[in-house]
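A.B. asks: Chain order of the listed sequences is C and S.
The UniProt record's numbering puts the first sequence at residues 1 to 471.
The UniProt record's numbering puts the second sequence at residues 1 to 471.
Just so you know, not all the hints are guaranteed correct.
Stated by the list, open to error - Listed next, the in silico EDC-like pairs over lysine to aspartate or glutamate satisfying Cα-Cα at most 20 Å (straight line):
1) S:442 <-> S:397
2) C:300 <-> S:407
3) S:470 <-> S:421
4) C:38 <-> C:21
5) S:440 <-> C:21
6) C:442 <-> S:175
7) S:235 <-> C:361
8) S:357 <-> S:339
9) S:357 <-> S:407
10) C:357 <-> S:291
11) C:235 <-> C:291
12) C:264 <-> C:275
13) C:235 <-> S:275
14) S:300 <-> C:291
15) S:442 <-> C:21
16) S:357 <-> C:101
17) C:440 <-> S:421
As the list claims (entries may be wrong) - From chain S, some residues computed to sit far from chain C (all C-beta separations above 12 Å):
18) 62
19) 214
20) 426
21) 449
To be verified - Heads up, incomplete: computed chain S residues facing chain C, CB under 7 Å, no partners named:
22) 215
23) 219
24) 288
25) 385
26) 445
Hints were generated in silico from the structure; no laboratory data involved.
Each residue gets a CB set at the ideal place from its N, CA and C atoms; glycine is no exception.
Number of protein chains: 2
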Amino acid sequence: MNTSLLQELSAICGQTHVLSEGDLTAYEQDWRKRSRGKALAVVRPSSTEQVAAIVKACAKAGVSLVAQGGNTGLVGGSTPDGSGLQVVLSLQRMNAVRSLDPANLTMTVEAGCILQTLQETAEKAGFLFPLSLAAQGSCTIGGNLATNAGGTQVVRYGNARELCLGLEVVTAQGDIWQGLSGLRKDNTGYDLRDLFIGSEGTLGIITAATIKLYPQPAARLTAWAAVPSMEEAVKLLGLAHQHLGAGLTGFEVMGQFALSLVAKHYKQQRVPLYEDTAFCVLLENSDHESESHAREQFEKLLETALEQGCVTDAVVAENIAQAHQLWHVRESIPLAQADEGLNIKHDISIAVSLIPKFVAETDALLAQAIPGVRLVNFGHLGDGNLHYNVQAPEGSDGVAFLRDKEEEVNTIVYDSVARFEGSISAEHGVGSLKLEKLEKHKSPVALAMMRSIKQALDPQGIMNPGRVFKT
Amino acid sequence: MNTSLLQELSAICGQTHVLSEGDLTAYEQDWRKRSRGKALAVVRPSSTEQVAAIVKACAKAGVSLVAQGGNTGLVGGSTPDGSGLQVVLSLQRMNAVRSLDPANLTMTVEAGCILQTLQETAEKAGFLFPLSLAAQGSCTIGGNLATNAGGTQVVRYGNARELCLGLEVVTAQGDIWQGLSGLRKDNTGYDLRDLFIGSEGTLGIITAATIKLYPQPAARLTAWAAVPSMEEAVKLLGLAHQHLGAGLTGFEVMGQFALSLVAKHYKQQRVPLYEDTAFCVLLENSDHESESHAREQFEKLLETALEQGCVTDAVVAENIAQAHQLWHVRESIPLAQADEGLNIKHDISIAVSLIPKFVAETDALLAQAIPGVRLVNFGHLGDGNLHYNVQAPEGSDGVAFLRDKEEEVNTIVYDSVARFEGSISAEHGVGSLKLEKLEKHKSPVALAMMRSIKQALDPQGIMNPGRVFKT
């Protein structure tokens, strides 16, 4: 027990915000319950100055820090290791919206702001903050930026990275880098902002950010199309880009088996058009003009797609409730898959043009290796990002499947990804879960540069050590 | 004379591509003729492997390298210093388009490709590569990325950074980082791509890039509006975002004096609407639907703007020729300004919301310090980026003005930029020209991190030393 450090931390944030006893599960375990650690303490600062003082105190004591937002990450990057020697620094109390600048289309917010709160704050002011993902009710913008989160609107608005103009960061030395900025152009030196974004807390702690806002579209319409194959889904994507331009704000593909699990486990949900087709696609069209214009655009697109045979049937949601239902089907896939039993998840990306070939080849390799294997294949096709998940053969024991087959399945999938020059982590990051895989799949030149940068900015190695890569 | 290095370089690229005698002005002097250096040699490799071998040879000899594309930069970043000891590495021979992937909306190109050639290659394939700037006929994509170039389409498509998905880079050690990638999502470690983009050749040499393509819009329409003040120009920008959404691909503001110089020096050009108004705005609307739809949208916007008083008069170009004429007026401002005499250029950015106040305050400070001073104020208001240039009082001697007043003018302007939390280099970079200013205006925490990164990736200090910051 490092009593003098704990006293120092209490002096910084107040004793009630330094937790070292009682049940700290909420901070020590990730929500998928795959990594469980033990913290020396959880500290909950309320200001950037407090964060800086905490980092300085930890640096002096040689104690490492794990920054944590909503703790909704999927790769075990925001929970402490098992040593009981790390300090978890929770940003949750830093949740102020510092300013909203309508003419500049920006908002400056603290790292602990909940994503959904930011979406709502923007909406109340007449704007859109387009980052949108499953965990939005509990994840924080700091975590979104630290992991460069993706989600369902990336095809139009980009990842978290593209939505951020400036950062405030506490460095590994406990200095405050005041890099908040609402500037859309600033070429005064190295792009430190994008270095911290996606670095998963290993280089410094993001305490605030200036994020981009967009005008609220006048209408957002959702369509659902049956497509006969992945090839045709890619063709449909090309048509959608042409017909809708920047109006195309969502393009999600869902395999038949993935949809059948939603139909099976959520009988109250109506899953359209999936029974006679290999894939369905959910499309979203955001229109700055009007709902009738959006509908007209959608109808033209779907007519063309039907004529060209890349769509066999389609529906356009008649109202917001129907649109929500369609999105709800898409969002229910991960849960339905969990209800079906344990499975092996992958978050991969491939050039869109290569996805049909990748899926065909990898499906075949898995079927050959594990007869009866079932593929829950869905994802953000507009970004080349698939959640290509592998479910045990029907009736088999999920626990045994994971124990006996996880390594083999991962090797097949990631080797296939490598052949197609894709990424083994499209939007979830590396954390601790994909550490070993990254060593194998990332270019040694890139890894060497990453290690040099880590050494340069955090020579003491106190910022979330052992995450992203081994040090 | 480093004879053995020259021999080694000749062995790598062939003797005809190692220039060390004769007139090397084209490589040793920037096009504004503000910096003139002396190279040990100019080498012109034709492949990434040759670039790597050159860097290795130079590293071994302890000789530093200056990477050069079209040599059209505005801050003296791509010409050698006066020592006669640096090697200029010209990428001009590496100008292949390696591939174009229509379904993935990407193109992989070598660093020496001319920007305009890439625009044309994309167009022939039915796509748009939206990076667009004055030097496009001679600048290279490698240089555009090394300086994170901006231009006239940033309001919709972002800077060069936002248009690049992957890079191939030769590191300071002469290793090849194969970071080419057409992936829109890839969260496997630090964002090395964006670290090299905008680093002005000080961390490594960009040899190729995978860049984003967009569907060609069905129509691009241009309008020209008289606006009574900068406040009203900002209001018009907000209306344009609302009415045109992502259709808004250009929003350029031009002060009356700037336009009067075009009218004065290019009598064959018709400059519309400028005589009775403080500013004019050029707007571009790109529409994926049709020209008639684009026109209808423009008319609705301009009607609303006229009603609200932020526009007093406006014209919409009737055809492509008229649109070109309007853009030509905008693009003639820098030349007209040069014809008028020597002047002091600034490339600054400020939050859009603060620009009216910045302009009013800085105009007043300059007028007070230098009676009769004339402001050539124009730029990309949609991105908060002004070319806020200062011309000598009428009839005064330009040479004397520069000699006596440049430092004072720069101090007034940059101190004002600092008060408004803006940037002293929005889109041109730092190079050697703004080195001193950067030391004064950049946060010391940021500068320290930049120096650590430089030291980590280029410990020998051979990549374009003395640019961006002093080492």
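A.B. asks: Please name the hints from earlier in the document that this structure breaks, with their numbers sorted from lowest to highest.
C.D. replies: 1, 2, 3, 5, 7, 8, 9, 10, 11, 13, 15, 17, 19, 20, 21, 23
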